[in-house]
Amino acid sequence: MERENVDVKVRPFPGVTVQAGRYHFLQPRTEDSPGYRGRVHQGLVNATWLGTTTTLGIFDSRAPQSGNRGVSVGVTRRFGRSIEASGNYYHAVDQSRRTFNTLVGVFRESVSPHLDLTQMLTHGDGTSTVSFGGNLVF
1 MERENVDVKV
11 RPFPGVTVQA
21 GRYHFLQPRT
31 EDSPGYRGRV
41 HQGLVNATWL
51 GTTTTLGIFD
61 SRAPQSGNRG
71 VSVGVTRRFG
81 RSIEASGNYY
91 HAVDQSRRTF
101 NTLVGVFRES
111 VSPHLDLTQM
121 LTHGDGTSTV
131 SFGGNLVF
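7 is the number that the working numbering gives to position 7 of the sequence shown; each next residue is one higher, with no gaps.
Check the hints yourself; a few may be wrong.
DEER-style ranges, computed between Cβ atoms [unchecked claim]:
1) Thr127 / Pro14: 36 to 42 Å
2) Gly80 / His114: 31 to 37 Å
3) Val137 / Lys9: 23 to 29 Å
4) Pro64 / Phe107: 37 to 43 Å
5) Asp94 / Thr127: 16 to 22 Å
6) Arg22 / Arg97: 20 to 26 Å
7) Arg97 / Thr17: 30 to 36 Å
8) Gln119 / Gln65: 31 to 37 Å
9) His114 / Arg62: 21 to 27 Å
I should point out that these hints are in silico values taken from the structure, not numbers from a laboratory. Every value quoted in this text rests on a predicted model; they were computed, and no experiment measured them. Virtual Cβ for every residue (Gly too), placed ideally from N, Cα, C.
Sequences are here, hints too, so could you generate the full structure?
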C-alpha cells in the first residue's frame, strides 16, 4: 500500500459492522515490467445473528489499463468450537464489460490448539479447484 489510505469501520448496532475504505497500491517497477499504481474503493456490511455471519460487499478497483466493479455475498457459520464453514459468491464486471462469477466454499477445522486444517472449493469460469492446507503453531 502507498499514499493516503482511509478505512472507516462503524458498529451501529450489536452484531452489525459497516466499513468503507479507499486504498492505494503500488507494484514496484522491475527489469521485466513497469511499475503499476492502482486504487480500490470498497464498502462492506457484516451482520451476525444466531451464530451466522452474513457479508455484503461492493468494490471498485482501478489501475491504468484495467479495473473492475463488483459485489460479494457470503455466509459463515461455526459448528461447535472447532468447525467453521463459509460460502461466498463474487460477481465482477471489468472495463471491457466481461463478467466474472466465482463461488468459494471453505471448511476449517481446529484439530488442536496447535493445528488447524482448511479445505477450499473454488468454482468459476467453468473450472473448479480444490485446495487444502493448514496451520501448525509450535
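Evaluated hints:
1. Distance hint check for Thr127 and Pro14: the Cβ-Cβ separation is about 41 Å, which falls inside the suggested range of 36 to 42 Å.
2. For the hinted restraint 31 to 37 Å between Gly80 and His114, the CB-CB distance of approximately 18 Å leaves it violated.
3. For Val137 paired with Lys9, a C-beta distance near 28 Å keeps the hint of 23 to 29 Å intact.
4. A hinted range of 37 to 43 Å for the beta carbons of Pro64 and Phe107 is consistent with their spacing of about 39 Å.
5. The supplied range of 16 to 22 Å is met by Asp94 and Thr127, whose beta-carbon atoms lie about 18 Å from each other.
6. For the hinted restraint 20 to 26 Å between Arg22 and Arg97, the CB-CB distance of approximately 24 Å keeps it satisfied.
7. Between Arg97 and Thr17 the CB atoms are about 32 Å apart, so this pair conforms to the stated range of 30 to 36 Å.
8. The hinted range of 31 to 37 Å is satisfied by Gln119 and Gln65, whose Cβ atoms lie roughly 36 Å apart.
9. Distance hint for His114 and Arg62: a CB-CB separation of about 42 Å, inconsistent with the stated range 21 to 27 Å.
The structure is inconsistent with the numbered hints 2 and 9, although it conforms to all the rest.
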